[in-house]
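Novice: If you read the sequences in order, they're chains R and Y.
Our numbering applies: residue 1 is where the first sequence begins, and numbers increase by one.
Our numbering applies: residue 1 is where the second sequence begins, and numbers increase by one.
Only true hints are included.
Since the list can't tell identical chains apart, any single copy or any two copies may satisfy a pair.
30 Å max Cα-Cα, derived BS3-like pairs, lysine-lysine:
1. K341 with K210
2. K126 with K141
3. K156 with K329
4. K4 with K298
Simulated from the structure, these hints should not be mistaken for lab results.
Protein chains: 2
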Amino acid sequence: MYFKINRNYFIDELSKCNRIIDYKNPVPACTGILIEVETDKISIVSTNSSVSIKTSTYANQHDLEIKEAGIFLIRGKNFIEILKRMEDEIISLNKVETNIITLSGNKSEFLLNVLEHTDFPTILFKEEGVFFEVYGSELKKGMNQTIISVNEWNQKIVLQGLNFLAEANNFYITGTDGFRVSRKLISLESSVIEKVTANVPFKSVFEIIKVIDDKQMIKIIVHDNLISIRSKDTIIQSTLLEGQFPDVNGVFPTDFNSTIFVENKTFYKLISRADIPSEENTSTVVNFVLDGDVISIKSNIQQIGSFEEEFKDFELRGIDDQNIYFNSKFILDSLRSFETKIIEISFIDSKTPIVIASSEDTSLSQIILPMFSN
Amino acid sequence: MYFKINRNYFIDELSKCNRIIDYKNPVPACTGILIEVETDKISIVSTNSSVSIKTSTYANQHDLEIKEAGIFLIRGKNFIEILKRMEDEIISLNKVETNIITLSGNKSEFLLNVLEHTDFPTILFKEEGVFFEVYGSELKKGMNQTIISVNEWNQKIVLQGLNFLAEANNFYITGTDGFRVSRKLISLESSVIEKVTANVPFKSVFEIIKVIDDKQMIKIIVHDNLISIRSKDTIIQSTLLEGQFPDVNGVFPTDFNSTIFVENKTFYKLISRADIPSEENTSTVVNFVLDGDVISIKSNIQQIGSFEEEFKDFELRGIDDQNIYFNSKFILDSLRSFETKIIEISFIDSKTPIVIASSEDTSLSQIILPMFSN
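Chain R on its own, in the form it takes in the complex:
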C-alpha cells in the first residue's frame, strides 16, 4: 500500500467518517477507520451500530496518486490530529510492515501502528431498492425543520426519529412527539415508482445532516430495514426504526376561527421573555389571550416570578377572541424553524391544535397541541 494525497482534503474525508465512530466500543477494530486503496481509487469507511459511511476519492483528484494497492485500519482520532499538526500540502502513506505505516511529509516522518484490518466488520452498502432524488440543501433543511418535534427517548420506538414518505411527486418528512407535529413537503423532480416509507432514527438524522453536500443531488434508497443516502462520492447508510408511523394527515385542522399574522422575530422575542428562565430549565406554560386588537402574553414560574406583556403588532383574520395555554418551548422551536419574515398562527379554540405556517413558504407546517392549564 502506497499513495499520496492532498493533506487537507484527506483530513476532511477522514473527519466525516470519524464523527460517527463510537469510541466507547470495546472492540478496537470497531473504533477504526478502514482505508482501502485500489488501483484507481481509495475508499474510507467507518461504522457504528446504526450508521455506516463510505467516501471515495478517485486517482488524480485531490492530488491522489496511487502507487500500490492495499488496505489498513487506523484509529481515526489520533490519525486526524497528527495530520492536522503537519504542514505539508501533500503527504504520502506507505505500509512498511504488517502492522506499521509511515506517514511522511517533506521533512517529517511518522511511523504509526495500525489495527488489524481483518477484524473490521463487513459492511454492505445497498445499491438496490426503491429510490428517489432530492437536492442536498433541501433534504438538510427539511430534516432540520422537522427534527424539532422528535423526542429521541419517546416511549413509542417508531416516534424516535423522522418519517420519510415518498409517493408520486411528493416527499414528506414528518416528526412528532405526540404533542406536536412538524411536516415538510418537498416536490420531487421525478416521481418515485412506488410508495416508499422509512423511519430514520434521531441520531442518524444528525449524521446525515452533517455528511450530505448542499450542492449535490442526493439519491435516497430504501431497502428492507436500511436507508442509503448517496451522493457522487459519499454514501451514508442507516438502520431504520421498526413500526408503523402514525398517519398525521388527520391531525391537521383546516377551518380556523382566528389567524394572526406576526413578524416572526418580534413574536419569537416576546415568547422568549415569557419563557422565564429557571434553575430546572423547565419550559414555561404561556397564556395567550387575544382580545380585540390586543394580545396579552402571561406566564409565571413558582419561585422565580411572573411575566406580562401586551402586544399589538399583528394583523388578524377571523374572531378577535381566544384564550389558550401553551408550552413555551414548543412555540419557540416552531418559530425558529421558519426562515420567513411573517408567520401565521391559526386557532380554532382552546382545546384544538394550533397551526404555525407561512404563506412565504408553504412547504412547512408546525402543529402544536394546547395545554389544559390552570
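Given the coordinates of chain R, work out where chain Y should sit on it, guided by the hints.
Specialist: Chain Y only, in chain R's frame:
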C-alpha cells in the same frame, strides 16, 4: 428601592459578579447578587469562599437614575437571563413588597421573587495596606504568561498559585510547579514603600484576569491575608495562599553553552508534531539533538507510533552539540506565552534547566527542567 439603568450596562456589571458565584453552595443567600442602592450610586456585590467582587455605578452614568435607596438580593443567573431577553434600552427596578421586585421595560413587566438580603455575608473590602499600581493590560498579560507553570493541585499549597512580589520599582509575578518556572518583571512607575509579597490562588488569578479593565491603572493592595485589586469602579478581593514562596532567583542559570534563535511559530509547530496525540492525552517525551547545523526532534508513544524531523532554520551561538529530553507540554506552554517573533532557547547541558526568552521582550523568562529519559 427604585432606580432606572441602562439594560446592557447592567447586564455587563451583573455578569462580572455572577461569574464567581458558586451555585453549588447550599446556602441560597450565598448564590445571590446583592444590589445596594444609595442616593448617589448603586453597588453590585457577590462572593464565594475565596473571592469577592464589588462594582459601583454613579448616578447619571449609564442612564442611572435613583429615585429611592434600598437593597435587594437576587439569584444572578436567572436575573441576567431575563434581562437579556428584554429589548428595552432602559429598565426600571422597584421593590413592591419585602420579597418582590418589579422589573419593567417599555411594555413588559416581570414580578420577581428576591432572596433575604440580611442573610448575605458581610464583606469588608480592604482600603488600607501596602499598595502599588500597574496598568490593567500589563497585569493581565503578566498573569497569563506565568500561570502556565502553576499546578492548581500542587502538593505544596504555596505553589497552587502565582507569587506577586513588589520591591522598589520592580514587580515580579512568578509561577512554578517544581519542574519549570515562569517569571515576569513589570517596572513600576512609583516605587512601593516597602517590600510586599502575596501568593494568589490559581482560581483567583483567572477571576482577576476576567474582571480587570485593560485600559485602567490598577491599584493592588496587600493586607494580612487578602489581596485587593481596585480600579475606579470595580474591586476584586481574594484570600491568599499561606506559606513561603521559594526563592527562584537561584534557579536561573546564567552562563550558557549553546543558545539557539528560532522563529517561535515554526518551532512551536515542529514541537506540536512531536507531541504525538494519544488516547490518554499524556504529554510526550521529546528528544532534542543539536548536531552541527541540524536539530533533530524525535519522539515516540507506545501503541501510537514515533516521529522524527530534522530542522535547520535556526541561528546558533555557542557549542553545536546538545542532546536533551523534554516534556512536550512544557515547551509548548512556554512558547505560547511569548508574543514575540524570535525566541531564544539557551542550554548548558542535558541535566541543567534550559531558559526560553526573547530579546524583543526581556520582561519574561521561562525555565524548564530537562528529563532524565531513556
